Structures are given as structure tokens and as C-alpha cells.
Amino acid sequence: MLSTFADSTAAAKAMNDALAKTFTPPTVDWASILPVTLVVCTGILGLIIEMLRPKRNNNAIVLTTLVGLFAAGVSVVAQFGAADLESFGTMVLRDRFGSAIQLILILVTGLTVMFSEGYLRAKRIAYGEFYPLLLWSASGAMIMATTKNLLMLFLGLEVLSIALYVLAGMSRGEQKSEESALKYFLLGSFASAFLLYGIAMLYGATGTLHLDGIASAWNPGDESSRNLMLFGLVLLLFGLGFKAAFVPFHQWTPDVYQGAPTNVTAFMAAGSKIGAVAALWRVLDASVTNQTLFASQLQDFWMPILFWVAILTMTVGNLVALVQKDVKRILGYSSIAHAGYILVAILAHARNPEAIGFGTVVYYLLAYSLMTVGALAVVSMTATGGKEGTRLEDLHGLWKRQPFAVVCLIVFMASLIGVPPTAGFMGKLMVFNDALNSGLMELAIVLAVNSVISVFYYVGIAKAAFVDDEGALRRESAPMNSGLAGTCALCAAGVFLCVLLYNPLTVWLVGR
Amino acid sequence: MTGNNLADYLTLGLIMFSIGAVGVIVRRNPIVIFMCIELMLNAVNLTFLAFARFTPTTAALADRAESFMSGQMMVVFVMAVAAAEVAVGLGIIMAIYRLRNEIDIDEMNLLKG
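Respectively, the protein sequence lines represent chains A and B.
FYI, the working numbering numbers position 466 of the first sequence as 1153, with every residue one higher than the one before it.
FYI, the working numbering numbers position 64 of the second sequence as 179, with every residue one higher than the one before it.
Excised from the complex, chain A in its bound form (with noise of 0.2 Å):
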């Protein structure tokens, strides 16, 4: 490959000419980039509200904020039927899958922000900023989603890092907050520094940040550039494994997520797996759609190793969610194993890409933000009086105390197990079916064998809100408030509503 590469400066000054010549402004689609915008300029008022706002009431951030992702969520609904289209030169593209993926994503912001209030006050770190940082943390996620140039990848998982980052470390008295805030960043840094690497081997092999590109080129490639491109391939591969929780790169997941306040928890569960996934999903479907040589090529380079990290991921997750006994540890396994689950609906997809799509991804990830939010906005209500317990002890009486979270929680937990008629169950069995159809019948058993393991701590959770010990008398819990009960409500509804609509849902989703 280095043969191809020549320096002179003439070269250079020749280059510049033509980019000089050929200079056309790119062409500028201002409706493609407005969910994004909206929710990024609602940070923006928002922050500017927190200045003006009396001491100590955030009430007008939040109403601002939902107001704001309200907005966002209409203006994505109204490009749904739109063609696909790519503006911004090649930065920003809108599609089917990038309009959904931003859709639930907008919906799992909203559901945080909905709880999330409550909770802070409880904690007692009602800061106003939190909303902001939210919001942009989103609009990465969503950037992510949309975009199919590495740069804007790597802008937007930068967006979405940075800013939970400082979430996690949001309760700054609190010594397990702050010390996951800090394993958040070293090791997430650490892992976007891998995938720049994988990126900048990629660009160097091809001369393209574009995927489509850089999945073309591999035909007229010579060993030494395509190898260059498996190299960079694997780095790009591990940061985005790391950010949607992959085993072997999962060891943060458990810690961050049991340090971290809960309702930063919640979305880091949905909100930052969705962003990965979505872009994992954008790689690799890039490279399989594109180049049929490139395409056989990586299946003979990737399926063993995916194959093989997709059922690590799953079994690993299950079987040390077992011996948990923090909720918010056993949730951020189960976080793990449901990594899993979806990392085997796109591994369908690139074994078979004509037959199956977008739809199992999309309705898992949906499924997956509902139960989950719900289920950390149950275990939210432990935070009382400045203080927090997530360990199963903490949960014991809470059936007394708040019967209607613990009617929720049973719903979740059904739905993480997968019961009918569950989204989790629906869910499970289109990933199941995919399986099957693509001829990845191992996945597919692997899958039910951990679904029957997983229903041990699930059920263990929703068993110790019932546990009527001497000290579950003396425990309180935060007062139900409207927005937790609004979240509890609207995300155990949207379990049995996507099975009630499963028709018109995926069909609406997909857009076939």
C-alpha cells in the first residue's frame, strides 16, 4: 500500500487548486438536523433558566425541557414518511432507522426527566444543570443515529460520553458517585482513544470517512490497504463494543451504573446503549450492504468472533447477575445480557441483510428503554432524606409502602424475563426468530437457555419488595410523586401497548 502513497509538494499545491476550483457549498437540509437542534437549543434555554429561576426551584427547567423534547419528538415524527437523503455534504444522514432510533431516544430523555426531579430533591442535589447536561448527552446519542461519516460518530459518542461523564459524578458528596464518575472517564477515554485509532486506519487505508466509502474501497484495494482496514475495523469495533457494554468489554457497566445517581443510571442503560448499538448497527450494515466481496470477506473475518462475543455477552451478563445483591449491580448486568440479545439481531442482519432489517433492532431497543427506565425509576424511590440504599435489603416492605411502584415493578421484571404478553417477550422472540431465519440456530439456543437463568434475579428483585422483615417497618421511601408515578404509568402501559400494537408499530417503524 505504500507504494500508492506519493509526497511532493507540487502534489499538494495541485490539490489545493482543485479544492479550490471544485469548492461548491455543500447542500444544506435545515429540517434533517432539527430534532438534534431543538434538543441541543433546549439545553441552552434551559441553562439560561437556571440562572434567572428563584433559588432551589427547577420547575421551570423541566417543564422547559419536556417542552423542548416534545418538540424534537414532533419534528421527528413529521420526517418520518420523507425520503432518505443525505445533506451537510455527507455529515448528516436522515433515514427510516435514524428517525426511530431518535424517536425512542427523545422518549427515554423524556421519561427520565419526568422522575427525575423527585429524586434529585430527595438525594438533595436538585442542581439545575442537570437537565442540560441531559439534553446534550441526548442530542450525542441522536447524532449518532444519523450520521453514517466517522467524524460525526466520533463527535457524537463524544457528546454523549462527556456529558455523562459529568452525570455520573453529579452527587458530589457521595464518595461511590464520584468514584464511578472517574472509572466512567478514564476507561471511556481509554476506549475512544481505540477507536480514533480504528477510525484514522480506516481513513488511511481508504481516504474516506465515509462508510460507504470506505466499504467500496476494499474491492480495488491490495492486501496491505485491506488488511490496514480489518486493523481498523476491530479498533472501531471495541470502542463502540465498549460503549454498548460487550463482554470482554463490559467491567465498567456494573460499576457505573451502581455509583451513578439512579435516574443517570436510567439513562445510561437506554440512552447511551441505544447510540452504540445504532452505531455499531451503521458499520456493519455499511459493509455488508455495499460490496458483496467485502461482505462474503467479513463473514469470514467477523461472524466467529461477533458469534462468540455475543454469547459470552449474553451468559456472562446472566450468570453474574446471579450472585448480586445491589439492584442497580443486578440491573447493570442484565444491561449486559440484553447487550447481547440485540448484538445477535444485528449479527442476523449482516448474515442475511436482504431478508431481515431494522425492525427487530428498533423494537428490542424500545422494549428494552421501557422496562428498564421503569424498573430504575422503582428502585429511584429508596433515595430518601439525602441518603440512598440499592441493595435487595433496601427494597424489603416496599409493598406496603408503595404498592402501586411495586404492581410496576412486577411488570418490568416480567418483561426483562420475558412473560407474555410482555414487550420483553415480543421482543425476544423476534430476535429468536431472526436467529433461526439466518441460520444462527446456536444464538437462538443460547438465548433461551439465558432467558430461563435470568428469571432467578428478576424474580428476586420483585421478591424483595414483598420480604415483610422487622426492618422493612423502620425503612422509608421517597413519597410517590407525580412525575415518578407519570414514569411508572406511561412505561409499564408501553410494555403491554407494544404488544397491543405490534402490527401497526413495527410497520410504522420500518416504514414497510
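The hints are simulated quantities; they were obtained by calculation from the structure and are not laboratory data.
Note that the coordinates shown come from a computational prediction; the quantities given were computed from them, not determined experimentally.
Just so you know, even glycine gets a beta-carbon here, dropped at the ideal spot from N, CA and C.
Check before you lean on any hint, since a few could be wrong.
Unchecked claim - Partner residues aside, some chain A positions facing chain B, computed with beta carbon under 7 Å:
(1) Glu845
(2) Leu874
(3) Tyr884
(4) Tyr890
(5) Ser903
(6) Phe925
(7) Gly1044
Claimed, not checked - Lysine-lysine pairs mimicking DSBU-like chemistry, simulated, CA-CA at most 30 Å apart:
(8) Lys1074(A) - Lys227(B)
(9) Lys227(B) - Lys1012(A)
(10) Lys227(B) - Lys700(A)
(11) Lys1150(A) - Lys227(B)
(12) Lys1150(A) - Lys863(A)
Fit chain B to the given chain A structure using the hints.
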């Protein structure tokens, strides 16, 4: 140019990246770890610039100009992101120091199980 070729720059980048990666794993002070991560990012920047400077001659001139620019642009954005990371990272380390008066990574063992 003094006659260095692409391989020299890539090797230097790889060495810097490896030093950074090893440093992250073996060092115990978060500030030093963070400096190692910065070193890795700078290695990436060097790699990007080298690749941008030595663009393939097989491509059409306009394509070469575009790929030349996208590599350089990437570096600017990486530097901006690294600066943002510094601000947040040092903030987190400060917050920890205030809480416990030391910042050794080995003492961070509240979260486990």
C-alpha cells in the same frame, strides 16, 4: 519535506500510542493515566495528518482534495474534544481529592461485587 516517508510517521504514531496504552494500564495516579490518554490522542492526530499528507495518487484530483481536507478536519475536532475531556476529567479528579484527600486508583474500591 526532508525525505521522511509515510512509514516513519506511522511508526512514530504507533510507538506513541503504545506508550500511552501501556501507561494507562500500569500507572496508578489518575492524572498520569489521563496524560497517557492524551498521548494516545496525539498519536492518533499524528497518524491522521500523515495519512492526509500522503494521500493515494490513484484517486482523482478532486477526490484527493476532499480526502486531504477530511483528515485535517478530523484532527481539529479531536483536539477540541480532547480539550473538553481535560476540563471534565480534571473536574472529576478535583472533586475526588476534596472528598478523600488522595486520588490513588488502587484506593477506589467502594464499587465491587
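Hints and how they fare:
{"no.": "1", "hint": "Glu845", "result": "5 Å, holds"}
{"no.": "2", "hint": "Leu874", "result": "9 Å, violated"}
{"no.": "3", "hint": "Tyr884", "result": "5 Å, holds"}
{"no.": "4", "hint": "Tyr890", "result": "6 Å, holds"}
{"no.": "5", "hint": "Ser903", "result": "12 Å, violated"}
{"no.": "6", "hint": "Phe925", "result": "12 Å, violated"}
{"no.": "7", "hint": "Gly1044", "result": "30 Å, violated"}
{"no.": "8", "hint": "Lys1074(A) - Lys227(B)", "result": "20 Å, holds"}
{"no.": "9", "hint": "Lys227(B) - Lys1012(A)", "result": "11 Å, holds"}
{"no.": "10", "hint": "Lys227(B) - Lys700(A)", "result": "57 Å, violated"}
{"no.": "11", "hint": "Lys1150(A) - Lys227(B)", "result": "23 Å, holds"}
{"no.": "12", "hint": "Lys1150(A) - Lys863(A)", "result": "26 Å, holds"}
Hints 2, 5, 6, 7 and 10 from the list above are not met by this structure, while the remaining hints are.
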